[in-house]
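S.K.: Residues per chain are reported as follows:
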Amino acid sequence: MRDNTHVPMRSVLYDDLSAVYLAASLARSGVRSLIRNGAPTTSAGPKFKTWNDFQAGTKGQFSSRAEAAKAWTSYKEANDIIIGTVRSQAARRQYLKSLADDPSTPSWMKQWLREGRVPPGHEVDHIRPLSIGGPDVPANMRLQGADLHDIHHRYYRPWER
Amino acid sequence: MSVTKKMLVAFDPGRPDTRSSEFLIPWNWEGRRVLRGLKSARESGFGMVVFVGRSVTENDLFAKLVDSGTIIANVDDTLALLRSFLDGLQCWKIGNVVQIRSTSQNVGSDVELELVANTPSAVKN
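Sequence lines, in order, name chains A and B. At position 133 of the first sequence (counting the first as 1) the number is 133 in my numbering, and the numbers step up by one without a gap. At position 59 of the second sequence (counting the first as 1) the number is 1059 in my numbering, and the numbers step up by one without a gap.
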């Protein structure tokens, strides 16, 4: 059985005056994939996708948390990692106003809902989270008690996967 | 942000026909400036300028450095070092063999590369 741990790192042989050759070869594979070949991970894509992963995976590499944060900024930019999502306030307002017309909505909430505002102690939750591709539309929203919403996302954190 | 389409790869004057595909970056090692492999951290005396076909920024190099598990004492200094290196590469032509100038004056973030030969075959042992 072949032991993969002893496979030598890929090297490229070139003939004389091979800069042009190398250029063509690199252009074909793309520099990003070339750099990845020797990186500790063989997966395509960045090694870390979230700040939490980054902190856990780079323990001891930076002198302080502030330094790690600076490094994360640079790392995100290099790997085109986009965090956070822009939410549509209009869609949220539309959803809240639609609840005001719903006969099953408790009457005490309606004064806020009619104005498109969230009733006290409540939050708007996305049923399928935006971080995993859920749409930012009223059909994907629900009104949840703030405590329940907090507990829900303490355990259900799809953006960290 | 510095952007270049040129990079340095490790070059062994004893075997001018064989070249590693590993990119080199400047690094401060025990008080002197050296060229080291981006992934393997192996020191290399000479580097050959190659065209990489896409824009490379200091952030790209820095991200690979982080992925390789290198201990980075100061992020800003490292980024400045890489930026200076990429800026310096603009002066050289594809195929040039260069080495880093290691003097007591260049311990900051300035990287000085000096020409060894115009082409790989012109390098003498």
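Watch out, some of these pointers could steer you wrong.
In silico DSSO-like cross-links for lysine-lysine, where the CA-CA straight-line distance does not exceed 30 Å [to be verified]: (1) B:Lys1006 x A:Lys76; (2) A:Lys70 x A:Lys49; (3) B:Lys1006 x A:Lys70; (4) A:Lys49 x B:Lys1093; (5) B:Lys1005 x A:Lys110; (6) A:Lys49 x B:Lys1005; (7) A:Lys76 x A:Lys49; (8) A:Lys70 x B:Lys1005.
For the record, the hints were derived by calculation from the structure and aren't laboratory data.
S.K.: Against this structure, judge whether each hint is valid.
M.R.: Tested hints:
1. B:Lys1006 x A:Lys76: Distance ~22 Å between Lys1006 of chain B and Lys76 of chain A Cα, so the pair holds.
2. A:Lys70 x A:Lys49: Cα-Cα ~15 Å, so holds.
3. B:Lys1006 x A:Lys70: Between Lys1006 of chain B and Lys70 of chain A the Cα gap is close to 26 Å, so the pair holds against 30 Å.
4. A:Lys49 x B:Lys1093: Not satisfied, since the Cα-Cα distance of roughly 36 Å exceeds 30 Å.
5. B:Lys1005 x A:Lys110: Distance of about 60 Å is beyond 30 Å: violated.
6. A:Lys49 x B:Lys1005: 26 Å, holds
7. A:Lys76 x A:Lys49: 8 Å, holds
8. A:Lys70 x B:Lys1005: Given that 30 Å is the threshold and the Cα spacing comes to 25 Å, the pair holds.
In this structure, the earlier hints numbered 4 and 5 are contradicted, and the remaining ones agree with it.
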